[in-house]
Structures are given as C-alpha cells and as structure tokens.
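Colleague: Here is what each chain is made of, one letter per residue.
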Amino acid sequence: MKRVAWVYHPDYLLHAPPFEHPESPERLVAITDHLGRVGLIERMVPVTPEYPEDADILSVHDPEYLNKLEHACRRGDLTLDSEDTYLNRHSFNIALLSAGGAIAGAKAVAEGTVDRAFCAIRPPGHHAGSDVGMGFCLLNNAAVAARYLQARHGVGKVLIVDWDVHHGNGTQNIFLEDPTVFYFSIHEHPTFLYPGTGRRWEIGKGKGEGATLNAPMAPGAGDGEFRTTFEQTLEPAVVRFRPEVILISAGFDAHRDDPLADLHVTEEGFRFMTRHVLALADRFCEGKVVSILEGGYEISSLTSCIEIHVRELLGE
Amino acid sequence: MFVARRMKKNIVTAAPSASLFEARRRMLEHTIPQLPVVSEDGTLVGIVSDRDIRAAVLPAGLVPGFTAGEAERFMKSTPVERVMTRKVVTAALTDTLEDAIVLLHDFRVNALPVVDSAGKVAGIISRTDVLEAFIDAFGVGEVSSRLEVVVPDRPGMLAQLAAIIGSFHVNITSVLSIPHEEGKRADFLRVATMNVGPIRKAIEEAGFEILDPSKFIL
Chain Z
1 MKRVAWVYHP
11 DYLLHAPPFE
21 HPESPERLVA
31 ITDHLGRVGL
41 IERMVPVTPE
51 YPEDADILSV
61 HDPEYLNKLE
71 HACRRGDLTL
81 DSEDTYLNRH
91 SFNIALLSAG
101 GAIAGAKAVA
111 EGTVDRAFCA
121 IRPPGHHAGS
131 DVGMGFCLLN
141 NAAVAARYLQ
151 ARHGVGKVLI
161 VDWDVHHGNG
171 TQNIFLEDPT
181 VFYFSIHEHP
191 TFLYPGTGRR
201 WEIGKGKGEG
211 ATLNAPMAPG
221 AGDGEFRTTF
231 EQTLEPAVVR
241 FRPEVILISA
251 GFDAHRDDPL
261 ADLHVTEEGF
271 RFMTRHVLAL
281 ADRFCEGKVV
291 SILEGGYEIS
301 SLTSCIEIHV
311 RELLGE
Chain G
317 MFVARRMKKN
327 IVTAAPSASL
337 FEARRRMLEH
347 TIPQLPVVSE
357 DGTLVGIVSD
367 RDIRAAVLPA
377 GLVPGFTAGE
387 AERFMKSTPV
397 ERVMTRKVVT
407 AALTDTLEDA
417 IVLLHDFRVN
427 ALPVVDSAGK
437 VAGIISRTDV
447 LEAFIDAFGV
457 GEVSSRLEVV
467 VPDRPGMLAQ
477 LAAIIGSFHV
487 NITSVLSIPH
497 EEGKRADFLR
507 VATMNVGPIR
517 KAIEEAGFEI
527 LDPSKFIL
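Keeping their order, the protein sequence lines are chains Z and G.
In terms of my numbering, the first sequence opens at residue 1 and continues consecutively.
In terms of my numbering, the second sequence opens at residue 317 and continues consecutively.
By construction, these hints were calculated from the structure, which means they are not laboratory data.
Please read all numbers here as calculations on a predicted model, not as lab measurements.
Everything hinted at is true.
Derived DEER-like restraints, expressed as beta-carbon distance ranges: (1) Z:K2 <-> G:S483: 47 to 53 Å; (2) G:S530 <-> Z:V29: 29 to 35 Å; (3) Z:R75 <-> G:L344: 55 to 61 Å; (4) G:R367 <-> Z:A55: 54 to 60 Å; (5) G:K531 <-> Z:R89: 39 to 45 Å; (6) G:A522 <-> Z:E20: 17 to 23 Å; (7) G:I488 <-> Z:F19: 18 to 24 Å; (8) Z:A218 <-> G:I451: 16 to 22 Å; (9) G:E386 <-> Z:A237: 45 to 51 Å; (10) Z:P236 <-> G:E356: 54 to 60 Å; (11) G:H421 <-> Z:R227: 41 to 47 Å; (12) Z:P259 <-> G:K531: 14 to 20 Å; (13) G:A522 <-> Z:A279: 48 to 54 Å.
In silico BS3-like pairs for lysine-lysine, Cα to Cα no more than 30 Å straight-line: (14) G:K325 <-> Z:K205; (15) G:K324 <-> Z:K205; (16) G:K531 <-> G:K500.
Just a sample of chain Z residues kept apart from chain G, beta carbon distances all over 12 Å, derived: (17) E64; (18) R200; (19) R227.
Idealized CB from N, CA, C, for every residue including glycine.
Could you build all of it, start to finish, from the sequences and the hints given here?
Modeller: Shown next, in the form of structure tokens:
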C-alpha cells in the first residue's frame, strides 16, 4: 500500500456562500464523512496545511489582485466581479489556506514523507488567473503548488493534468508562455460550457508553445472518449515532456450525474484516469503525484468518485 | 454597424503600371491575397488577386522548356492593368456590415474595396474582417456559459428570458435569435456565469424549452 497524504483543514468550511450555491462547504463535509465511513481516512497520512509564505502566492498572483481580494472580503462584498464567485469575510484567508493545502501536499510528496497526496481543499483554483478570480475560484492552487515545487524543491518540469469538466483557463493563462509547466486539460467543449476557452488549437505561446494541450469533449462524451484521449493524446505528450512531478486538477463534475455540465463519465472513468496518471508518474517521476480537488457538485457522485480516486492512490 | 468601422484603413495598393512581380511581392509581404489597383489620384481602377497572377503565368508555364527565370521575366514585364479585374465589386463608405456580407456572399469575392463618394479608395473589407465581427457577436472567447432556448414565435419572449437572467444578477454577453420549427424561435444566449443551473431551472419553470447541448442548432 502506498503512503498517501490526506490534506485537509476544518477551516475550509468557513468559506461559505451568502446565497444558494453549488460550491458549498457541504461538499467537503460529505467527502470527509464518506471517506471516514469507508475507512479510508485512517489509512492515509494526515497533513494539516499552513498559511503559505507570501513569496509562494506572489509567484503566481499579482499583489494588486491580492489586495483587492482582501479588501473585498473585509468590506463584506458578497461577490467578486462576476456574480458567480461569492465571498464572505473568511474567503481571502481560506483561499490562502486552500493554496497552502496544495503546497502541503506538494511538500509531503517532494520530501518523500508520502508517495502521493490528495488535497481535499476549497475554494477551488483552476479558473483563477494571476490577477483575476472567477468561476468559484479565488487563488490558483495548482499553479501555486507547481511554482512552489520549482522554487523550493528544485523541480524542473511539472505536468498538470486537469480533468475538471470546465477548462482551466486560469492555469492555462498562467503557464501559457512557460515551457517548464505542461498544462493538459480535458473538458466539455467551450461552445457548450463555461468558460468558453480550451479549443484544441490553444497550445501555448512563445517559449511555451507546445506545453499546453487541450482536449475538448462534445456533450455526451463519457468513459470511452476519455480513455481514448488519455491513451492517444495525453500519453504521447507526457512521453515527450518527461515531467518530474504530476499535479492533478481533480474535478469530478464530468460525472454523468453532475448538474453543471453535460458529460457522461462514470466512476469507472475516474478510476481509469487515476490509474493512467499513476502509471505515467511511475514511468517518469518516481510516482510523484499530487491530486488537488477542483469542482464536482453532485454530492453522491462526488463522494463515490473520490473514494475510487483515493483507493487508486493508495494502490489497493 | 457600418463597414467603415470594420474595414482595414492601411490598405496596400498597386499602380496600374506596377509589374505582376511587384504586386505578388507586396501580397506576400503583407500576407494578403489581393490589391486594389489605384490611379495616381487614388481612384480605384481595378483589383488584382494572387489568383489573377497565377492564371496569367500558368499558360506560359505549360509551354515545354519554360523556366523559372522566364516566368520571373514575364512577371516583371507584365503590368498589373493587363490582368486585373476592372469591374470591381465595391462597398461604399456609407454601406452597412450587412451590405458587405451580402455583397461578399452574392458576388463570391474575397474582399471589397471601400470607396468614398469621389470614387477614391478609403479602405478594404475582407471576409476575414466579417468573420471577426461574427466572433465578437457570438461572444466567442468571452468568459461565459451558453444557453439555447426554444420559445414561441411571438413578441415578448426574449424580454421574459432577459428578465429571468437579470433576476440572477448575471450579465448577458451575446444574444442571437433565429427561426426554428413552425411557430418557434431558437434564442441563443451567452451568460457571464459558471453557475447556469439555477438559470436553466428558472427558464424551464417559466415554461420554455432549454435545448440539450448535443442538440444545439447554432
């Protein structure tokens, strides 16, 4: 059995919507309840995240944006710019702690105290750009973790595999011109789903050209299409890139029961994707995988998919 | 919207006496497939495309023994006015974008020189410029979600949809409405939110049909 970090902090529940909203603390409550009930949490290594160092956040986000976010929370603003991204008085701190969770998972894996990590964190991050929050995301947790690994652990090349059903426009933009962080996203096609980016010809810019790879899926696509894409599109790219660590932006909203999107992935699809990424990590990066929670809004499928995801991480 | 807003104003032209060689060089340099041909006072006298040039060189190229050097000499010694199209399909400065779209479509041309009331070239509008206008109109690339709603073909339906979306404090970034089945229209909306679930539900509760994305019409 592999040692898998369980990164979680009870304060993650403090970022709560002032109105009915799918990205709610109940998601994490349900995940911890479920994983506890099936006896998985006790088999993982508990890791309590800390507030990150300024430098680790500033490696991704602009100071003006952080100021703006902090003041909006202190003022009691209910939303940030677009009305879909809510705030409360805790949101700024909890967003920092969420990024701190991704860092804690990355740290545990980089230092070898665990083989793999699952970061049960929120708010999610992959829509957040360096100077903008949107799509329920405030700070880009996966991007912060990638930069942290490079700055503090001498990691050269990081691969981010983003299987959240929405395109991670924030992550893509942050690393658009960066050849050292390869961003792969599989998501529902931008014509049909938020945020409207992630077309197949978006492949990075300048020095980063070729280090972004998008696989948009037509509505109705499911396990078969995801499997083909992982085997025929992602895998050859990973073989060429040779990452040293793999981060997963693990959203579970491509599930057929999720109300926010139109794809039909099942529990078995998430099992396959997890296994596939772990196999790639074994081939290229001594098994180093840090899985970071993104979306997933239908509680029953969210918990069952994460159970399978964690069982695969544990190598049962 | 008027063509003047979407046309390119820094136009590259050719004189009637310019050689085919020079015209082709300009097209390559600016990556454009045609040049308006203008007289010294700026009056439009024709248009020459890369296809016109190719068509002029091709027959000679079929002669046995014709070399690249001869082709170049031919292109250098042949003036544009010998191969240009003289009856140019143009747009007027006061034409609308719709006029330009219909002209480009009906006359099957790639670009329209835009002329002012004195017959001088003020700009050029190409199919690419029109496509750019459509990209903007569709809201492609704007952070948003998309809805397609089938509504009865009668007044006030779009207003109801807009009111529902407005009640969620969500911005509408693009609207298109097209005829659908008998007695119905399909309204296509881009909305600036990731949280479309409650909006979809409210629209359905108001009695409208939201299309399944795999059945989108537009």
